[in-house]
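Colleague: Mind docking chain Z on chain E? Use the hints.
2 protein chains.
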Amino acid sequence: MSNERITLKDVAAKVGVHSSTVSRVLNPATRGMVSPEIATAVAAAAKELGYRPNLFAYSLRTSRSFTIGVIIPDLTNPVFPPLIRGIEEVLGQSNYTVILANTDNDPAREETLIAAMRGRQVDGLILATARRDDKLVRDIIDDKLALVLINRATQVENIDCILTDDAAGIRVAVDHLAALGHRRIAHIAGPERLSTGHRRIAGFRHAMAAHGLDCPPANIAACDAFSEAEGQRALIALMDQPSPPTAIVAGNDMQALGCYAASEALNLNCPADISIVGFNDMPIVDRLAPPLTTVSVPLRKMGAAAAQAMLGRLSGENPKTGTMELTPHLVVRGSTGQVPPTS
Amino acid sequence: MSNERITLKDVAAKVGVHSSTVSRVLNPATRGMVSPEIATAVAAAAKELGYRPNLFAYSLRTSRSFTIGVIIPDLTNPVFPPLIRGIEEVLGQSNYTVILANTDNDPAREETLIAAMRGRQVDGLILATARRDDKLVRDIIDDKLALVLINRATQVENIDCILTDDAAGIRVAVDHLAALGHRRIAHIAGPERLSTGHRRIAGFRHAMAAHGLDCPPANIAACDAFSEAEGQRALIALMDQPSPPTAIVAGNDMQALGCYAASEALNLNCPADISIVGFNDMPIVDRLAPPLTTVSVPLRKMGAAAAQAMLGRLSGENPKTGTMELTPHLVVRGSTGQVPPTS
Numbered sequence: 590m591s592n593e594r595i596t597l598k599d600v601a602a603k604v605g606v607h608s609s610t611v612s613r614v615l616n617p618a619t620r621g622m623v624s625p626e627i628a629t630a631v632a633a634a635a636k637e638l639g640y641r642p643n644l645f646a647y648s649l650r651t652s653r654s655f656t657i658g659v660i661i662p663d664l665t666n667p668v669f670p671p672l673i674r675g676i677e678e679v680l681g682q683s684n685y686t687v688i689l690a691n692t693d694n695d696p697a698r699e700e701t702l703i704a705a706m707r708g709r710q711v712d713g714l715i716l717a718t719a720r721r722d723d724k725l726v727r728d729i730i731d732d733k734l735a736l737v738l739i740n741r742a743t744q745v746e747n748i749d750c751i752l753t754d755d756a757a758g759i760r761v762a763v764d765h766l767a768a769l770g771h772r773r774i775a776h777i778a779g780p781e782r783l784s785t786g787h788r789r790i791a792g793f794r795h796a797m798a799a800h801g802l803d804c805p806p807a808n809i810a811a812c813d814a815f816s817e818a819e820g821q822r823a824l825i826a827l828m829d830q831p832s833p834p835t836a837i838v839a840g841n842d843m844q845a846l847g848c849y850a851a852s853e854a855l856n857l858n859c860p861a862d863i864s865i866v867g868f869n870d871m872p873i874v875d876r877l878a879p880p881l882t883t884v885s886v887p888l889r890k891m892g893a894a895a896a897q898a899m900l901g902r903l904s905g906e907n908p909k910t911g912t913m914e915l916t917p918h919l920v921v922r923g924s925t926g927q928v929p930p931t932s
Numbered sequence: 590m591s592n593e594r595i596t597l598k599d600v601a602a603k604v605g606v607h608s609s610t611v612s613r614v615l616n617p618a619t620r621g622m623v624s625p626e627i628a629t630a631v632a633a634a635a636k637e638l639g640y641r642p643n644l645f646a647y648s649l650r651t652s653r654s655f656t657i658g659v660i661i662p663d664l665t666n667p668v669f670p671p672l673i674r675g676i677e678e679v680l681g682q683s684n685y686t687v688i689l690a691n692t693d694n695d696p697a698r699e700e701t702l703i704a705a706m707r708g709r710q711v712d713g714l715i716l717a718t719a720r721r722d723d724k725l726v727r728d729i730i731d732d733k734l735a736l737v738l739i740n741r742a743t744q745v746e747n748i749d750c751i752l753t754d755d756a757a758g759i760r761v762a763v764d765h766l767a768a769l770g771h772r773r774i775a776h777i778a779g780p781e782r783l784s785t786g787h788r789r790i791a792g793f794r795h796a797m798a799a800h801g802l803d804c805p806p807a808n809i810a811a812c813d814a815f816s817e818a819e820g821q822r823a824l825i826a827l828m829d830q831p832s833p834p835t836a837i838v839a840g841n842d843m844q845a846l847g848c849y850a851a852s853e854a855l856n857l858n859c860p861a862d863i864s865i866v867g868f869n870d871m872p873i874v875d876r877l878a879p880p881l882t883t884v885s886v887p888l889r890k891m892g893a894a895a896a897q898a899m900l901g902r903l904s905g906e907n908p909k910t911g912t913m914e915l916t917p918h919l920v921v922r923g924s925t926g927q928v929p930p931t932s
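Top to bottom, those sequences are chains E and Z. Number 803 in this note's numbering belongs to position 214 of the first sequence; there are no gaps in the numbering. Number 791 in this note's numbering belongs to position 202 of the second sequence; there are no gaps in the numbering.
No lab work stands behind these hints: they were computed from the structure. Owing to the predicted nature of the structure, the values given are computational and were not obtained by experimental measurement. We treat Cβ as the ideally placed atom computed from N, Cα and C, and that holds for glycine. Heads up, a few of these hints could be off.
[Unchecked claim] One side of the interface only, derived from the structure: several residues of chain E facing chain Z at Cβ under 7 Å:
1. VAL604
2. ARG709
3. LEU877
With the rest of the complex left out, here is chain E (with noise of 0.2 Å):
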């Protein structure tokens, strides 16, 4: 017999209860309206039989899919795991089951997958792909689906959003630059449309002036996209001034990635030459060759975070966590060293 041919009722004649008491048993929300007795011979018997919930059936049932959809700009990037296990691990204590999917920071590809999320009915979506003016955000919240943002924030108001605090990220890297002597430190940029390009950029700047610190144009190096090739182009062209800096604030350490490779193909030495700092301390980075240096971001404490504020969301509660900071703080590693002599 195929499982799919088993349906509540049967579940419910086996015990000898009523398909509403199944129902309410195989509901986490609802659970603790059945007495543990009856809802012990439930499961029993459910398991026994194979019963496999039809969740459309239950979802239009109920109108909730105790599912949660997590939408990513990069899977390549190693930051993304660590704050997805956050988020698994909060969600899952709550029976909630994430899915996911990856948009490679392709707009129209963004706006497939949340439509087909939302055709899914997953009860509310968490965005590491926010653009800071971003109309699929005011879409979601216009339909009053439950909605929270991580890492990358939006101009839209009263959204839930879990940040790191970008700013203070990079004034660290900035002050640890400066106390070994650098002067000509330049930033590579995340791109301006995304508050994590944005506010990084504008933490360099207030950094630089903290420390009475020149900060020309030229040494703010923008790119498209924080990937590994565009840090690695960024570098290659803000080697190629009269005065070029001595150490990089990289915008992540994807791109900081890239000024390894842009190093090696200058043939200049890091940390001896130039020094290299990145940003979010992403797995693995702490062995590289040298090991980075690095503004390490709480990546796991923002997944649960965000999956925090998604439930507050969701149980009506709770509802607005609003814009939360989390601290990062640097990891000196081997890719900073004092200014060079000659500069």
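Modeller: Same frame as chain E, but now just chain Z:
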């Protein structure tokens, strides 16, 4: 007006066609039945009105969701993003959306996630989580859901399964170490319950025999997982022998990373004191200190092949791909060297 209130009929009325025509246009499988002019007009009207298909209703009507579920065992292992990218590229070209879920190598969680995916009416599942003896795989086949395995095989027959040629990969690793003069070569082994673990152990025994080298049981260190922590534990145990190995063939790159950590803890220099070979050539291992010598697996190609196999299953035209083994090759970097002279 909420977008959700716009129906097929609204779109049909705007264009002046029957709603079944709109339905055909919006389904990639039936679009060719409608003239290009009408199709263009319908698509424009749907966009202008902000029509968002109710995929739930659509799925119930057409029994197609154009969504494929991909289940992976460990999102924090960098081997999976390239596999997923290969899958997404091919399925995206055929208008399929990919949704992902992460089991954390937990069979109970895997069962929940597969049920959740099936409840959301995915058209097929691509599993990177198969065990050699896998009840979940048998259930999916019994229920005739389109299924493709990737990376890990199962003993169940008549399955489409895209693998690396594990034995060939281990063979080139052992060949390389033997050529460097190593004779006491150990294998850090993945779990026997997974085909990757099982096949690599068999391949190791075979390759050692081919070189006339001893392969005592003490030099095959069994691990519970393909993880950094298990690799670290295993190398420390292997070195605590009267005649410890001079070279290690790790079960995968994560275990090799654990060997790096263990070498540091044991004050062993890699490669002067111990040579280490990984498996997979996951991103960034070329930038480690030392850069990792590893067996390079065509991950993106494997993903693309799995997606092609899935499309074949779904079309019914080319229903069986069967087992396909892609050939890996060795990439020699800095983690392997001549056998130490004192050995």
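Colleague: Enumerate the violated hints, using their earlier numbering and listing them in ascending order.
Modeller: Violated hint: only 1; rest satisfied.
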